[in-house]
Amino acid sequence: MKLTKRLFLGLAAGTALATLPIAALAQDWQPKRPIDFTIMAGPGGGADQIARFVQSVVEANDMTNRPLIPTNRGGGSGAESLLHLKDARDPDHTLMVTLNSFYTTPIRQEGLGVDIETFTPITMMGVDPFVLWVHKDSGITTFEDYIAKVKEMDGEYVMGGTGTGQEDSIVIAYMAGAYDLKIKYIPYDGGGAVAKDLAGQQIMATVNNPAEAKGFYEAGDFVPLLAFSDERMDAYPDVPTMKEKGHDFSYYNQRAIVGAPGMSDEAAAYYREVFGKVYEGEDWQNYLASESLSPLPMDEAQTRAYWATQVATHRKLLSEIGG
Amino acid sequence: MEALSFLADGVLVALEPLNLVLILIGVTVGLFIGAMPGLGSVNGVAILLPITFLVPPGSAIIFLAAIYYGAMYGGAISSVTMGIPGASTAVATTFDGRPLALQGRASLALVTAALASFVGGTVANILFTLFAPLLATMALSFGPPEIFALMLLAFATFVGLGGDDIPKTIFSICLGLVLATVGFDTISGEPRLVLFDIDGFLRGIGFIVLAIGVYGIGEMLWTIEQTRGEVTTTNPKMTFKGMVADTKEAVRRGWKGTWIGSILGFFVGVLPAAGATPGSLMSYGVAKMVSKNPEEYGKGTPDGVAAPEAANNSASTGSMLPMLTLGIPGSPTTAILLGGMVIWGLTPGPRLFVDQSEFVWGLIGSFYISNIAALFINLAFIPLFVWMLRMPFTILAPLIFVLSIVGGFAASRSMHDLWLIVIFGLSAFFLRKFDYPLAPAVLAIVLGPIAEPTMRQSLLLSSGDPMIFFTRPIAGPITVVAIILILLPAIKLLRRKRSEKTA
Chain Z
2 MKLTKRLFLG
12 LAAGTALATL
22 PIAALAQDWQ
32 PKRPIDFTIM
42 AGPGGGADQI
52 ARFVQSVVEA
62 NDMTNRPLIP
72 TNRGGGSGAE
82 SLLHLKDARD
92 PDHTLMVTLN
102 SFYTTPIRQE
112 GLGVDIETFT
122 PITMMGVDPF
132 VLWVHKDSGI
142 TTFEDYIAKV
152 KEMDGEYVMG
162 GTGTGQEDSI
172 VIAYMAGAYD
182 LKIKYIPYDG
192 GGAVAKDLAG
202 QQIMATVNNP
212 AEAKGFYEAG
222 DFVPLLAFSD
232 ERMDAYPDVP
242 TMKEKGHDFS
252 YYNQRAIVGA
262 PGMSDEAAAY
272 YREVFGKVYE
282 GEDWQNYLAS
292 ESLSPLPMDE
302 AQTRAYWATQ
312 VATHRKLLSE
322 IGG
Chain V
619 MEALSFLADG
629 VLVALEPLNL
639 VLILIGVTVG
649 LFIGAMPGLG
659 SVNGVAILLP
669 ITFLVPPGSA
679 IIFLAAIYYG
689 AMYGGAISSV
699 TMGIPGASTA
709 VATTFDGRPL
719 ALQGRASLAL
729 VTAALASFVG
739 GTVANILFTL
749 FAPLLATMAL
759 SFGPPEIFAL
769 MLLAFATFVG
779 LGGDDIPKTI
789 FSICLGLVLA
799 TVGFDTISGE
809 PRLVLFDIDG
819 FLRGIGFIVL
829 AIGVYGIGEM
839 LWTIEQTRGE
849 VTTTNPKMTF
859 KGMVADTKEA
869 VRRGWKGTWI
879 GSILGFFVGV
889 LPAAGATPGS
899 LMSYGVAKMV
909 SKNPEEYGKG
919 TPDGVAAPEA
929 ANNSASTGSM
939 LPMLTLGIPG
949 SPTTAILLGG
959 MVIWGLTPGP
969 RLFVDQSEFV
979 WGLIGSFYIS
989 NIAALFINLA
999 FIPLFVWMLR
1009 MPFTILAPLI
1019 FVLSIVGGFA
1029 ASRSMHDLWL
1039 IVIFGLSAFF
1049 LRKFDYPLAP
1059 AVLAIVLGPI
1069 AEPTMRQSLL
1079 LSSGDPMIFF
1089 TRPIAGPITV
1099 VAIILILLPA
1109 IKLLRRKRSE
1119 KTA
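One line per chain: the protein sequences are Z and V, in this order.
Residue numbering for the first sequence is 2 to 324, as defined by this note's numbering.
Residue numbering for the second sequence is 619 to 1121, as defined by this note's numbering.
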């Protein structure tokens, strides 16, 4: 039983990566201890859901010889996780599931001394777009209606989000800047709470990830007005994008797995193979579709380049909103 | 009536052999996880989540719900036997549970807790079955000002109860509130009070850390010092007859608290963000207020155990409601359950009851069955827990210290937290010597992180006008009641002075 499984894994790896010298290395290295699978956010949020989903796929298919141990280290807007990885005593067994605080927190809290470019790219699992939502009872059906309404209310229009300097506050700040809007911004501690208070009409609009708003959208309570994605989303073909409105802006939440700084090449190759398989598997592809995540596969070099541009973009966005 | 036929199907699903076995295993595992200080239902559910992928989704969530129920019953066990609340929901259970145990009535306390939990869970299940969609709408009407008003009420029940030294109670609450602000601030997005620039404080200070420090270390040191190690807990041998007598006494002396807890706990639990802790606390407060013998509270009355225990079970069921109907977790444990549901391909939210009615009613059916299973399994283990108390204190005390340290580490796997536990333990010991009540501090660290952001969100909504807490139709009355409760001791004092004058 064991023999055949190993044989099968070897064969699969061999055929998939036959052209890469890494394949040989990947087989040499195996985890020796349970793998620390740090989650950059608290339980229940998007990153947590993804981490537990990935863990369960790995577990169900017996893809690693040592278990992944998920631990939520969401403190300090992810600072806790970043420090945990930076100071990891055993980088070969330390992984992290990220969101965009991976970029923003080191910029906002320079005292941490975290340089994400030292981290080890493993696998980009997908990116999560943002959408502007209003409640159906508001009567607003188009982005233009929304702009008119916000202007009319002159500073009394209330939007909710997940905290100053967080992903959605960046989106809202950009939108407000582009259209000269005055918005009253109420920070919450999670996207779920934001969506709930829009459903209860405690607030007037949100920019939630589709996954967070989906339930209310399907029940007919939420109306999507604008997508902050590069192209129209498959699940919301009638919703225009910010780019169509003439502003070159798109914004996604990164859903990636990264390794601790100083992880050996052999270990990194091993994890890339494991999570690469998870990524290609049917379970994950279905998850991407049902939660409206966009695929964004990248290799190591592309990921590093992507990180560099993201850091630059976030530095610019954050300085613009004064966060 | 349609709901009832769905429910009958649901109960049948829960009674399928596989599901029934899962319920029994889940409840037993949950009971022991809950009884372990530091480990609560959150840890239990998180640890066992991956195992559930071996069984179909319906069975998996039934299993997790059974663990959840088991852990809720189990929380009372460490509160009573060791005096350490295993979870924030069981803090109020220590108030009367611990004194009962020290009087040699641990079995009465545990039987009361089990029965009250059962009634609380059942009442909640019935309310859930009948009014789920209506209650979901009610939950939505609670915005930040309403939640803050509710937290104010929770604090007020504490201060307004009187009896204890009120300035010292307020000091203790403030201490807890200050500790609660350590870490990352959601509203401004900035770290606060990162003491001595130690990175560990970025995460903030958790309830578990303070509770284990205060109860597991501080209280134990104090007990050792008071008694010089000669603690005599004369817990009689457990006999079947004795348990029957305890059951009768529990019903006679705990029914009132049970009802208050069941109803109040459910309505507080239904509100997302609030959850079981304020529910259990408020129930204790209300039970004491309406009691004919309020002076018995805190010295060991079954009503004082029944109210919070009924409430925390009732609220746990209640907190499933916002999770299922709105996709909003009412507690950290339901947050993990929610993650599980997403993994199984179910979308919690307004459509769940319609699109996945078989799943939903199967789950609710399993609540009924889990609750019954939990009652009997719990009763069966009570002799074991009481037997533990008959160990000599010289063995029990070091055992509790070890459990505290292990439990404290297991919750977060961080040495930083362990040092904090020791520091809090020693500080608590000295504060205890000066007669400062520490339960308010422990509760403030739970309620503070809910109260503070909701207050600031409300004030942002109203552009800084505090009238928002009075003018909104739901928040207004709650705030007024809370303020009256806070002022009650002062009014009583005035009245007494006046009557002294006239007399």
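Treat the hints as calculated values from the structure; they're not laboratory data.
Incorrect hints may have been included.
To be verified - Covered by chain V, per the in silico footprint, the following chain Z stretches (three or more residues, Cβ under 8 Å):
{"hint": "1", "stretch": "77–88"}
{"hint": "2", "stretch": "175–183"}
{"hint": "3", "stretch": "215–223"}
Stated by the list, open to error - Pair by pair, the computed Cβ-Cβ distance ranges are:
{"hint": "4", "chain 1": "V", "residue 1": "V639", "chain 2": "Z", "residue 2": "N66", "range": "53 to 61 Å"}
{"hint": "5", "chain 1": "V", "residue 1": "P1091", "chain 2": "Z", "residue 2": "A149", "range": "27 to 35 Å"}
{"hint": "6", "chain 1": "Z", "residue 1": "E267", "chain 2": "V", "residue 2": "F1019", "range": "41 to 49 Å"}
{"hint": "7", "chain 1": "V", "residue 1": "V1099", "chain 2": "Z", "residue 2": "N66", "range": "58 to 66 Å"}
Claimed, not checked - Cross-link-like lysine to aspartate or glutamate pairs, in silico, EDC-like; alpha carbons within 16 Å at most:
{"hint": "8", "chain 1": "Z", "residue 1": "K87", "chain 2": "V", "residue 2": "D817"}
{"hint": "9", "chain 1": "Z", "residue 1": "K317", "chain 2": "Z", "residue 2": "E301"}
{"hint": "10", "chain 1": "Z", "residue 1": "K185", "chain 2": "V", "residue 2": "D1083"}
{"hint": "11", "chain 1": "V", "residue 1": "K1051", "chain 2": "V", "residue 2": "D783"}
{"hint": "12", "chain 1": "Z", "residue 1": "K278", "chain 2": "Z", "residue 2": "D146"}
{"hint": "13", "chain 1": "Z", "residue 1": "K317", "chain 2": "Z", "residue 2": "D235"}
Backbone N, C-alpha and C fix where the C-beta goes; we use that ideal spot for every residue, glycine too.
Hint check:
1. Counting residues of the stretch 77–88 of chain Z whose CB lies closer than 8 Å to any CB of chain V gives 5, so the stated coverage by that chain holds, three being the minimum.
2. By the rule of at least three residues with a Cβ nearer than 8 Å to a Cβ of chain V, the coverage given for the stretch 175–183 of chain Z is violated, with 0 such residues.
3. Beta-carbon proximity to chain V at under 8 Å applies to 6 residues in the stretch 215–223 of chain Z; the threshold of 3 is reached and the given coverage holds.
4. A beta carbon spacing of about 30 Å between V/V639 and Z/N66 contradicts the range 53 to 61 Å that was offered as a hint.
5. A hinted range of 27 to 35 Å for the beta carbons of V/P1091 and Z/A149 is consistent with their spacing of about 30 Å.
6. Distance hint check: the CB atoms of Z/E267 and V/F1019 are about 43 Å apart, consistent with the given range 41 to 49 Å.
7. Checked against the given bound of 58 to 66 Å, the beta carbons of V/V1099 and Z/N66, roughly 59 Å apart, stay inside it.
8. With a C-alpha separation of about 12 Å, the suggested pair Z/K87 and V/D817 falls inside the 16 Å cut-off, and the hint holds.
9. The suggested pairing of Z/K317 with Z/E301 is violated, with an alpha-carbon distance near 24 Å, which exceeds 16 Å.
10. Taking the CA atoms of Z/K185 and V/D1083, the gap is about 14 Å. The hint holds against a cut of 16 Å.
11. A C-alpha spacing of about 14 Å is found between V/K1051 and V/D783, which places the hinted pair at or below 16 Å, so the restraint holds.
12. Distance restraint check for Z/K278 and Z/D146: the Cα-Cα separation of roughly 45 Å exceeds the 16 Å cut-off, and the hinted pair is therefore not satisfied.
13. Restraint check: the Cα-Cα separation between Z/K317 and Z/D235 comes to about 30 Å, which exceeds 16 Å; the hinted pair is violated.
When the structure is compared with the earlier hints, violations turn up for hints 2, 4, 9, 12, 13 and for no others.
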